[in-house]
Amino acid sequence: MIRFEQVSKVYTGGQKALSDVSFHLKRGEMAFLTGHSGAGKSTLLKLITVIERANGGKVSINGHDIAKLRRAQVPYLRRDIGMIFQNHHLLMEKSVFDNVALPLIIEGFSHGEIRKRVAGALDMVGLYGKERHHPIMLSGGEQQRVGIARAIVNKPPLLLADEPTGNLDPKLSMDILRLFETFNDSGTTVLIATHDLGLIARMKYRTLTLKQGRVLGAQELDQSDSLGAY
Amino acid sequence: MNKQPQLTRSKLPISGQIVMFFIRHIQHAMASLGELWRNPISSLMTMAVLGVSLSLPAALQVLVKNAETITQSWNSAAEISLFVDEGRSEKSIQSLIARLKVYPEVAEVNYINRDQALEEFQRLSGFGEALSYLDVNPLPAVVMVTPSLKYSSATGARELLRKLEQEAEVSFGRLDIEWLERLQAVVRLLERTVLAIAALLVLAVVLVIGNTIRLAIMNRRTEIEVMKLVGATEAFIRRPFLYTGIWFGIIGGILAWVIINLLVWYLDSALAELLGLYGSQLHMESLTLTELGQLVLLASFLGWLGSYLSVRQHLRAIEPS
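Each protein sequence line maps, in turn, to chains A and B. Under my numbering, the first residue of the first sequence carries the number 74, and numbering increases by one thereafter. Under my numbering, the first residue of the second sequence carries the number 755, and numbering increases by one thereafter.
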């Protein structure tokens, strides 16, 4: 699903963010991406979502070589990626319904279909019946779940989460992770960037650890290796 | 993983895509209108600026149009006077008239014989008494020729005059249209001035709308970023702004039309009084319904253009980070 081959990224100004990063996340897999702030987690996610492009190496997402992707094709690639952000990126002046419906409106679904799918997505994250609320009226955890509902509403094959539990207490964090597991069970590939090592330790998933722009350890890291190396 | 699968543009069937395309456009158009409605003060200010800017060239257009109607009524008054050679018999003059009448360029022929000419001269010149002392009538017979509509313009009438002067019985002809030519030159100058001013104001309209749309884009920066993140195409993001521009244009155009009508109504009574002194019954004409349509169409195009230029420049700059 996500394949990096000797990928490097240098920002204009000479700041080296990633060097020689190679890994492969298979279809239907769930993995964590970890490392200190500044280790290159955000850059890696930006390369996957084509917010940035690599200077060297090859990035393939869902079988598409990013280097060959024209600017006009980027939106269609992004529709296959559900993205969840630490600060939710919700539109505060719009209702929960409008926020979650956005990807469907963009893809041109009919109104009835949108209504059905939004209700389904909100139900899945436990916010059923809060369509008419505004994000500002919800708690931090609820806002995060609105963001998750928006990411999964068009059933993308790939789910990316950048510090999804950053502002939440441990119990809420666990709830969110259980939610990701449910999506993964239904076949969605999931990659979660986090520095919450306690959380990772409690789960039995593969972990990619970044340090100063490099991936630590072998390609197929298991949990204990990565923690040891960290 | 080696082959590059085609990125599907949409997951919907083609028929659904086509239907949704139109529904989206209508929805976007309505949403843009709603957006304007929710910010009435700033929207109204922009529309007022557009209305005033558009009303000026439109007012000048009305002015030119009215000037044209007036000069046209003078235009058709262009008559050619043909003075007949002295000593021609009445019979040969009649045959000349008969020949003139079959000219395709000639609409009407009036014959004033020597006696009538003298009578008219006596009546109008004030030399009545003195003329009666003359032994012979010094005035030639005159044939007044009215050119057909096609030849009533200055150049057309001149051309016809040259042709008529070839007739054997005609001594010479006169065409008193120099003043008309001057007037037409003035009108042409006026038209060109109007065109130049209109071009400037049209540019102003495009700039005003462009700037308004730029501000709207800045205000919705976060929304645009999120839309780009969840896979919205440039066209999708652009569309509401383009519709906003078009609405600005349409409403600005209608506002300009209202202003023009008020202006015409205000000027008409004064003008009617002035023309009344000259014995004319002319009224000032406002814009016709077709012209209103053209004005609104032009305005909406300018709105679209202004927002398109703005959107093209500023949307690219907003990328999620």
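Hints listed in this document are in silico derivations from the structure and should not be mistaken for laboratory results. C-beta atoms are modelled at their ideal positions from N, C-alpha and C, and glycine is treated no differently. Among the hints, erroneous ones may be present.
[Unchecked claim] Simulated DEER-style distance windows between Cβ atoms:
#1 B:Pro767 with A:Pro230: 16 to 24 Å
#2 A:Arg205 with B:Ala1024: 53 to 61 Å
#3 A:Arg205 with B:Trp791: 43 to 51 Å
#4 A:Lys131 with B:His779: 35 to 43 Å
#5 A:Gly199 with B:Trp791: 29 to 37 Å
[Unchecked claim] The following residues of chain B were derived to be distant from chain A, with all beta-carbon distances above 12 Å:
#6 Glu840
#7 Glu921
#8 Glu988
#9 Ala989
#10 Glu1073
Hint check results:
no., hint, result
1, B:Pro767 with A:Pro230: 16 to 24 Å, "20 Å, holds"
2, A:Arg205 with B:Ala1024: 53 to 61 Å, "59 Å, holds"
3, A:Arg205 with B:Trp791: 43 to 51 Å, "21 Å, violated"
4, A:Lys131 with B:His779: 35 to 43 Å, "39 Å, holds"
5, A:Gly199 with B:Trp791: 29 to 37 Å, "36 Å, holds"
6, Glu840, "87 Å, holds"
7, Glu921, "75 Å, holds"
8, Glu988, "7 Å, violated"
9, Ala989, "9 Å, violated"
10, Glu1073, "7 Å, violated"
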